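Chains as they are written, first to last, in the working numbering: chain F, 1 to 233; chain D, 1 to 80; chain H, 1 to 80; chain R, 1 to 736.
The set of hints was computed from the structure by calculation and includes no laboratory data. It should be emphasised that the depicted structure is a prediction, and the values quoted were computed from it without experimental measurement. A few of these clues could be false.
Unchecked claim - Facing chain R, a subset of chain F residues (Cβ under 10 Å, in silico):
no., residue
1, G50
2, Y54
3, G134
4, R138
5, A142
6, G144
7, I149
8, D151
9, N207
10, V209
11, G214
To be verified - 27 Å max Cα-Cα, derived DSSO-like pairs, lysine-lysine:
no., chain 1, residue 1, chain 2, residue 2
12, H, K59, D, K19
13, R, K559, F, K22
14, R, K212, H, K40
15, R, K295, R, K322
16, H, K64, R, K141
17, H, K59, D, K10
18, H, K64, D, K59
19, R, K260, D, K2
20, H, K10, D, K40
21, R, K141, D, K19
22, H, K40, D, K19
23, D, K40, R, K212
24, R, K193, R, K322
25, F, K195, F, K231
26, H, K40, D, K40
27, H, K53, D, K2
28, D, K59, H, K2
29, R, K212, H, K10
30, D, K53, D, K40
31, H, K59, D, K59
32, R, K521, R, K53
33, F, K22, R, K449
34, R, K367, R, K350
35, D, K53, H, K59
36, H, K59, R, K53
Where is the CB? At the ideal position from N, CA and C, for every residue including glycine.
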Amino acid sequence: MKAAVVVFPGINRERDMARTLKLVSGHEPAMVWHAETALPAGTDLVVIPGGFSYGDYLRCGAIAARAPIMDAVRAHAAKGGLTLGVCNGFQILCEAGLLPGVLMRNAQLRFICRDVYLKVERSDTPFTRGYNAGQVIRVPVAHGEGNYIADGETIARLEGEGRVLFRYSSPDGMIDPNWNHNGAINAIAGILSDKSNVLGMMPHPENHVETVIGLTDGRGLFAGMVEHLAKAA
Amino acid sequence: MKARVTVTLKTGILDPQGKAIEGALRSLGVEGVASVRQGKVFDIEIEGTDAAKAEALLKQAADKLLANTVIENYRVEVVG
Amino acid sequence: MKARVTVTLKTGILDPQGKAIEGALRSLGVEGVASVRQGKVFDIEIEGTDAAKAEALLKQAADKLLANTVIENYRVEVVG
Amino acid sequence: MFNNTPAITPELVAEHGLKADEYKRLTDLIGRDPTLTELGIFSAMWNEHCSYKSSKVHLRTLPTKGPHVIQGPGENAGVIDIGDGLACVFKMESHNHPSYIEPYQGAATGVGGILRDVFTMGARPIACLNALSFGAPGHPKTRHLVGGVVAGIGGYGNSFGVPTVGGSVRFHARYDGNILVNAMAVGIAEKDKIFYAAASGVGMPVVYLGSKTGRDGIHGASMASAEFDDDSDEKRPTVQVGDPFAEKLLLEACLEIMHKGCVIAIQDMGAAGLTSSATEMGAKGDLGVTLDLDKVPCREENMSAYEMMLSESQERMLMVLKPDKEQEAEAIFRKWGLDFAVIGETNTSKRFVVRHKGEVMADLPIKELGDSAPEYKRPFVSPAKLPVIDAADVKAQAGIADALEWLIATPDLCSKRWVWEQYDHIIGGNTVQRPGGDAAVVRVEEGPKGLALTTDVTPRYCEADPFEGGKQAVAECWRNLTAVGATPLAITDNLNFGNPERPEIMGQFVGCVRGIGEACKVLNFPVVSGNVSLYNETNGRAILPTPSIGGVGLIEDFKKSATLAFKREGETILLVGETTGWLGQSMYLRELCSREEGAPPPVDLIEERENGDFVRALILDGTATSAHDLSDGGLLVALAEMAMAGGVGARLDEAPDDTPSHAFWFGEDQARYVITVPAGKAKAVLDRAREASVLVSNIGTTGGDTLAISGERAIEIAALRDKSEGWLPAYMAGEI
Ligand SMILES: Nc1ncnc2c1ncn2[C@@H]1O[C@H](COP(=O)(O)OP(=O)(O)O)[C@@H](O)[C@H]1O
Ligand SMILES: [Mg+2]
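In isolation and in its complexed conformation, chain F is listed as follows:
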């Protein structure tokens, strides 16, 4: 796996992400500065990690979405290249138009850091082959603006095309407002692009990959991508 982690000023989970990519795939990812205009040759996975690009000023991800490197990211995605945006990365992908919708302030208007349960809706995607459909995984969130919103038509299309990949759920997989900490429509935690090669998600699977630190439920996502890329090659 040749991964590239895009770094914007103010991004702060790039080390967590790089460490996890290395841990799971065995390969050090390339760190790509926002001012670059090209991705390293042969990049097969682009990751936009979490953080506070440009301090979350204006709108989360808005300024980063317009950085020079984003044209290269867009081109990579258009070719069908795997692209993952986590947390601020998800916000950036939405602002860049690579995914529909926006992430608004959490319904309680507070930043929330805690473990949440996610229901994995499908396992037949490049990102989730490490999980079973319907499986519930436990991963942390850490965001103040993760409340996914889109117009009714977009939501209907996302749902109709099976592009909602992760939902906040109870530990036994029930979709329940009490377990939807940020108020997202339909408890949406992660969505796919129309060609299923771009994933944006609010939770941080990269922080749950080591038994010694806690849980390992996030590992399946990275292992799944490695497997997918190995098969594709």
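Assemble chains D, H and R with the ligands onto chain F, guided by the hints.
Same frame as chain F, but now just chains D, H and R with the ligands:
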């Protein structure tokens, strides 16, 4: 020249912040507020003195960055 | 009745958002912006039809919640 | 050419917080009247906050040395050796008054300031903690202050990208007009790549880095030492606004130029900004410094020399660079989008010269500016000893079960989840133990080493008996580190008190410092950094004496650290330490009997050490399956916390005959822990305890979903959890 760009949420887009503020006002005992929607203003200092040019500049700034036109409307005004 | 409360930073108070936006506009090739300061607007629907009463209500809302009067100024207007 | 307008009047001197004799000291020192800029400089350097004039003589008595201490107090932060060529850099600092005036920005800039102190020394911050004291929950301002402070701490730390892993929150009417916001930051550096403030070399460029200067917090440093009165809301001094985004860039840029070997000396601009950073660099290096203020990057127009010298704009640094590396350093700062300007140079004059628009605005002897600051041996009176309250004289207010359910939902004992969930406590991927335990544990780089971190103090004990209270704050900190299996290494302290010009307040200060020193000595737990915040009073009423202690401990293999959660059914519960049933100053007495009375529990430091060493050994050899120290609320509160954390209950024997049961379950005797061990190992542990002369008793067995004390109503864990988790969210939602 001074100018102002005002960015507001499109009708129909949910505003969690506005909702929370409604609730908070009520619990503070401020009665009579039916609804609140939150937007942004940008007070911008522009070089030069040509109002038409300034307006074009502001539109460009709003389209390219200040507003997310998927969910937001904007209005520009050159104040003088 | 419709009303608007506009909240802006007091002069001299650092506006990190505005500063970041200035930089972003520049790198997007929008030239001619000397400075940006960001504020908030609240579009408020008020029950009743008494403009004076509405204004008093808005002031109360702004003082109690909408503005942080230590660092922000506000202006209320009843639009109609 | 001197600019000596306006003339200095007694009013102007008074406005600058200088007393008549202090002003005389100033004129004697420079042999003439100062310029206005000079007066500003002196007022900043000689106020309590920067000069420690009331506290210095007492702080000198604290033990600051130890085999692992690399740098004690005096630099931006303390530095200790943690092995493998690594050092841990840490400090705690207060931002009390700014947080009262504007809670979000005050707390945020407090975090920003302490982070800068740590990365200024070349360390990458790996964790933050905080210690917060608020007024009574019923006070009209408290809710707003809690909300703003917590959001501000989170807002800054989360964006900057450091996990906030621990802290403490308390409420008491004595903080009504003076909340305390103490923030601690911890970083890791290579042991031989620590950076200091002392300049060296003549003709070296003095470089300004970071954000631009505005009129923020001018007189902020003086404000931090001025008593509040009722119209302080009206004065509304210019508030500093934090920009965590700029600070994150500053961190990366600073670490990059340090790594490239560009830096000779570095100092962050904190209180008294440019003034204290520039003079400190010169004074510590035995050099003079000349500044040209025309070169200072300003955010506002027409800033005067006075304003520039006193501005407390955030996210700024001053450095002395190696001349041949200047361009390389500048390129790095430009890449990160930060300001970079050479604003002065070092020389041999030993004077601090400030020029602006062709005029000399200040010309002062650089060493004396700091060294000749007044130093006071303020008179003090020690408070009278309070009577020891006999448990037999405290009537039980409720059954044991009811009392526990009540206590666990009080503001001070309830869960602080509502607070720490607003902090990103996992970023970095190294948080082994999250908030909610005795101490947080953070993995060091790729491990196996881990650092244990905590903040502690029990202000009501300090008020009742400053000496015992000071000892107790250190002992509890040491105990919390021990309870996770760490070896306590060193502390930072943040001493918050009232007006030192009042002998009874000075008595509290002196007593607490003596107690802290005593405990640090006996526990081999030196002080390596700290901060003093005085004048925390409103209308002549002082806060409770609050010497917050931030502790750092080391665990060689973080995988061996213990948590407080009961792990499984059928394990033996052991109580370590002696239980006399001490109710004086206990939470039981305060919350159930509405009495804040009596002598606080005495702290036997030798016993602390012996009991703690015993518990730590059991954790590290894998015998203890859970561990928790006993503090506020005593034994039963601790057991409840262990049960709630593990989702496993316990069957407990009744209180021994010689102790009233409420005193046994809720007394606050010190030097105690609860541990669990597999049933089969209990006997061996008891034998080991006897050999080591440590008091250990078997008090029950884990299991079930209640806390069941023989002869009492069984207490459901689930109900306890609802009560414990419920209070703070309900309070903040305005429902209580
Ligand atoms: N302001 C805070 N920030 C982060 N964590 C906090 C804060 N206040 C309390 N906590 C966490 O809650 C737990 C309980 O705190 P406390 O009762 O003070 O513990 P102890 O009595 O062991 O010192 C600790 O893990 C502490 O870190
Ligand atoms: Mg403890």
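Okay, the hints, checked on the actual structure:
1. A cut of 10 Å between beta carbons decides the hint on F:G50: the least distance to chain R is about 8 Å, and the hint holds.
2. Hint status for F:Y54 relative to chain R: holds, with the closest Cβ pair at about 6 Å, below 10 Å.
3. The closest approach between the C-beta of F:G134 and any C-beta of chain R is roughly 25 Å, which is over the 10 Å cut-off, so the hint fails.
4. Because the beta carbon of F:R138 sits about 13 Å from the nearest beta carbon in chain R, more than 10 Å, this interface hint is broken.
5. Interface restraint check for F:A142: the shortest CB-CB distance to chain R comes to about 4 Å, inside 10 Å, so the restraint holds.
6. Interface restraint check for F:G144: the shortest CB-CB distance to chain R comes to about 8 Å, inside 10 Å, so the restraint holds.
7. Taken as an interface hint, F:I149 does not check out: its beta carbon lies about 22 Å from the nearest beta carbon of chain R, beyond 10 Å.
8. Of the supplied interface hints, the one on F:D151 is violated, with its beta-carbon coming no nearer than about 30 Å to a beta-carbon of chain R, more than 10 Å.
9. A least Cβ separation of about 5 Å between F:N207 and chain R falls short of the 10 Å threshold, and the interface hint therefore holds.
10. The interface hint given for F:V209 holds, since its Cβ lies 8 Å from the closest Cβ of chain R, which is under the 10 Å cut-off.
11. At about 8 Å, the closest approach between the beta carbon of F:G214 and any beta carbon in chain R falls short of 10 Å, and the interface hint on this residue holds.
12. With a C-alpha separation of about 19 Å, the suggested pairing of H:K59 with D:K19 holds against the 27 Å cut-off.
13. Of the supplied pair hints, the one linking R:K559 and F:K22 holds, its CA atoms being roughly 22 Å apart against a limit of 27 Å.
14. Distance hint between R:K212 and H:K40 is fulfilled; the C-alpha atoms sit about 24 Å from each other, no more than 27 Å.
15. At most 27 Å may separate the alpha-carbon atoms for a hinted pair to count; R:K295 and R:K322 meet this at roughly 19 Å.
16. Between H:K64 and R:K141 the alpha-carbon distance is near 12 Å, which keeps this suggested pair within the 27 Å criterion.
17. Taken as a hint, the H:K59 and D:K10 pair is honoured in the structure, with Cα atoms around 26 Å apart against an allowance of 27 Å.
18. For the hint linking H:K64 to D:K59, the alpha-carbon distance of about 34 Å lies beyond 27 Å, and the restraint is violated.
19. Only pairs whose Cα atoms come within 27 Å are accepted, and R:K260 paired with D:K2 is rejected, the gap being roughly 44 Å.
20. Of the supplied pair hints, the one linking H:K10 and D:K40 holds, its CA atoms being roughly 16 Å apart against a limit of 27 Å.
21. Straight-line distance between C-alpha atoms of R:K141 and D:K19 comes to about 24 Å, which keeps the hinted pair within the 27 Å bound.
22. Only pairs whose Cα atoms come within 27 Å are accepted, and H:K40 paired with D:K19 is accepted, the gap being roughly 15 Å.
23. Between D:K40 and R:K212, the direct Cα distance comes to roughly 25 Å. Compliance with the 27 Å bound is thereby established for this hinted pair.
24. For the hint pairing R:K193 with R:K322, the CA-to-CA distance comes to about 16 Å; that is within 27 Å, so the pair holds.
25. This hinted pair checks out: F:K195 and F:K231 have alpha carbons roughly 18 Å apart, not beyond 27 Å.
26. Pair hint H:K40 plus D:K40 holds up; C-alpha atoms about 4 Å apart against a cutoff of 27 Å.
27. Distance check on the hinted pair: H:K53 and D:K2 sit about 32 Å apart at the alpha-carbon level, beyond 27 Å; violated.
28. This hinted pair checks out: D:K59 and H:K2 have alpha carbons roughly 26 Å apart, not beyond 27 Å.
29. Restraint check for R:K212 and H:K10: satisfied, since their Cα atoms lie roughly 18 Å apart, inside the 27 Å limit.
30. A distance of roughly 23 Å separates the Cα atoms of D:K53 and D:K40; the hinted pair therefore holds under the 27 Å criterion.
31. In summary, the hint linking H:K59 to D:K59 is not supported, as the alpha carbons are separated by about 32 Å, beyond the 27 Å threshold.
32. Pair hint R:K521 plus R:K53 holds up; C-alpha atoms about 25 Å apart against a cutoff of 27 Å.
33. Note on F:K22 and R:K449: the hinted pairing holds, with a Cα-Cα distance of about 21 Å set against a maximum of 27 Å.
34. Of the pairs offered as hints, the one joining R:K367 and R:K350 holds, with about 7 Å between alpha carbons and a cut-off of 27 Å not exceeded.
35. Distance check on the hinted pair: D:K53 and H:K59 sit about 36 Å apart at the alpha-carbon level, beyond 27 Å; violated.
36. Straight-line distance between C-alpha atoms of H:K59 and R:K53 comes to about 46 Å, which puts the hinted pair past the 27 Å bound.
Going down the numbered hints, you'll see the structure goes against 3, 4, 7, 8, 18, 19, 27, 31, 35, 36, while the others check out.
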